[in-house]
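**Student:** Chains as they are written, first to last, in this note's numbering: chain F, 1 to 457; chain D, 1 to 457.
Careful, some of the hints might be misleading.
For identical chains, the list gives no copy identity; a pair is met inside one copy or between any two copies.
Taking lysine to any residue pairs in the SDA-like style, the calculated list, with each CA pair at most 25 Å apart, reads [claimed, not checked]: (1) 351 x 191; (2) 448 x 323; (3) 448 x 227; (4) 351 x 147.
Hint data in this document are derived by calculation from the structure and do not stem from the laboratory.
Number of protein chains: 2
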Amino acid sequence: MTERLVIVGGDAAGMSTAAQARRFRDAADLEIVVFERGHFTSYSACGIPYWVGGQVRERDHLIARTPEEHRARGIDVRLRSEVVELDISGGRVRSRDLASGVETWTGYDQLVVATGARPIRPRLPGIDAAGVHGVQTLDDGESLIATLTATTGRRAVVVGAGYIGVEMAEALIRRGFEVTIVHSGPEPMATLDPDMGALVRDALCGMGVTVIGNSEVTEIGTGADGRACTVVAAGTEYPADVVVLGIGVRPETSLARAAGLPIGDHGGLLTDAAMRVTGHENVWAGGDCVEVLDLVSGMHRHIALGTHANKHGQIIGANIGGGYGIFPGVVGTAVSSVCDLEVARTGLREKEARAAGLQYVTATIESTSRAGYLPDAPVMTVKMLAERITGRLLGVQIVGREGAGKRVDIAAVALTARMTVAQMTTLDLGYAPPFSPVWDPVLVAARKAVRAVEERG
Amino acid sequence: MTERLVIVGGDAAGMSTAAQARRFRDAADLEIVVFERGHFTSYSACGIPYWVGGQVRERDHLIARTPEEHRARGIDVRLRSEVVELDISGGRVRSRDLASGVETWTGYDQLVVATGARPIRPRLPGIDAAGVHGVQTLDDGESLIATLTATTGRRAVVVGAGYIGVEMAEALIRRGFEVTIVHSGPEPMATLDPDMGALVRDALCGMGVTVIGNSEVTEIGTGADGRACTVVAAGTEYPADVVVLGIGVRPETSLARAAGLPIGDHGGLLTDAAMRVTGHENVWAGGDCVEVLDLVSGMHRHIALGTHANKHGQIIGANIGGGYGIFPGVVGTAVSSVCDLEVARTGLREKEARAAGLQYVTATIESTSRAGYLPDAPVMTVKMLAERITGRLLGVQIVGREGAGKRVDIAAVALTARMTVAQMTTLDLGYAPPFSPVWDPVLVAARKAVRAVEERG
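Please take these sequences and the hints and turn them into a complete structure.
**Tutor:** This is how it looks when you write it as structure tokens:
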């Protein structure tokens, strides 16, 4: 008998689930229906800054797989079709065709909630004015590019200094704009400790970006034409020909919440390791709408990242397909770049360690990502957190140039393996002058962290 | 009472030992005497190709710390002073001042053997002719640069296609030479499996390098002036205005062997994890003259690499100083580059796995080191070996361009932690479009390896 799998949301997690389930079970065995309220499937939201910046020439290059390609594999993708209710006890979902307004109930044997995240959009005066842009969807990107092309002004204000904010700063620089970043924290990149964020601020300033910290935006000022023309923050007006919002996202779980599915403290759906929604045999969830286990702190957190969403989809698809996969959790790795600056983190920063009840020492070192005697060897700073007494690695933050960012993976694997900083000092990392000093900067940081653990006790 | 530490060899392992021991114990407590037969201390032999290639402008940039700097820390460095005998039962070494020929006995409480490695120099006709150069020491580099500067010819032949050979090929290209590499294996980079070595050959050919494999060199032909003018290999003569030998090295253990110290199957000294020579309470050894434990195969091997030598020195120095350090072993990581090509390996290649009695499956994938939609995303190939049945990671080989090589560190840490390829599929690696596709190539290889393990059983 044919089972029906219904997937709510057709981006990374949803479509990975569909594709993987289909590899295991053919259409006679498993019908797959995907409801997507937007126009696209399987696109790289992470690629939008590079499209806006001009490195990616066409929108369609960001689409990994079109609806037609999915349909050719026997996946019934329904675009512009929004699920408006999950009836868990009834085993069905209610969807609305956005063109006609017609609503339909569709029964399921297996349900996957992959509703993603929604951008944080504070209810401020002027927030909906023309010239104010989010960068969450391809439609957002298209609309922003239209504004950037049409405007003759050159002043751009980015609200938020997280990774979306700084990536958008680069895109706007590439398009010839003068960029001001306004953000509420003490330093940009609040995913880093402030001492490391300060290095990012210095680098941004060196690129000609104006960085305004400790400034909550209170209003978007509009002109006589109704278009945004200033950003008001902490009592100061910053002139703006275009405003980009990069404040972050929250799990989109309104449907799930209304249906009584379990929601965690960070607003995301709760699942077991197989990505099955807690307490529901045939309901699964993955991607930006779920919370995940942080393997370092043992606590849950919400991380919206395409790489996790794809993994979730693979795992859910395998499990529905009769294979087996689990998502053990994350260590909180993130890497981003602004022009030639590379910024990365994994594990816990100081605030997160404290919140998890962990006592720690820190070690910060400066080194280079190539042998120091090579010309222009790029400087990089590594900060390491290690647990007091045990010396277990708790986190690493990196700010540097070429070759710095992806070194965070060394620490990501070490965190997964619960290594101590002492164990890390003898890691057999790749060494050759174009790639590293004879002591890799991560090893130098580990050595200093060992001493810090010894001194603190 | 003052103890005396005698160190034989003043490069990476020896001088790291001296510096670290001095951090723990002052001159009143520990006298440190270093015998070095050459003119230099603490130099980067790995940097020689970049000096020859012109990226490093001066020889002295390759010297991390001069004899004077060491002496200022109370380390008695004796240059041009060669140890000619180790008297272990007598607790003393006999040294010869190379200028005067005068020999002296010096007693020790602690002895460190850091005699390094010697380049393989086959006894061939013409091998000692002018125009034939090794690249092991700073003197070698100086002599090669003099030849390259003086010669009007533009034809260079490199003998050997290991990492020294290919790095020298790049240096010679940078100096405007036409480069031919002659080597005895089926493919260049014998530290890779031949299928991956073939990718290196293709790339070298693409750079205009002529690569001649399966060709044992039998003679260096010399002209009427006595200078090298051809390399003869497998019956063919290759014209050469300069010949560079990059055939590899062997542990320099003649003194240790004569003194009855334990030597392993690969010709290196045997030590315990603290780098104490097996069976000798007060004799230590480190760097290119020792064998190390391979954590993947459980067997010993010889690896000449500055990064290990520095670690050994730190550990020996700490242990002599009253601190504590161990060198658990290596996983066999190496990375090198030729122009924009990046080549890396860690763990076991097929031949090594077989020699260790391990059954394995392989998975090879092609991906890119950035998101594929970014312009000119560099292609990279990853080959992974996993143990049959258990799925334990056994090795990774990478051939690619920018951003490819140092990804080997992910596998190096995973090997150290004895991860399975299934565990690797959910590693939380840094993702952003300028750094990686949404599935990092190492994860893609791990997924394919998981399937190979399942299929093979």
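**Student:** None of the hints should be skipped; say for each whether it holds.
**Tutor:** Hints and how they fare:
no., hint, in the structure
1, 351 x 191, "within (10 Å within a copy, 45 Å between copies)"
2, 448 x 323, "between (45 Å within a copy, 15 Å between copies)"
3, 448 x 227, "neither (53 Å within a copy, 52 Å between copies)"
4, 351 x 147, "neither (39 Å within a copy, 59 Å between copies)"
Consistency with the previously given hints fails for numbers 3, 4, ordered from lowest to highest.
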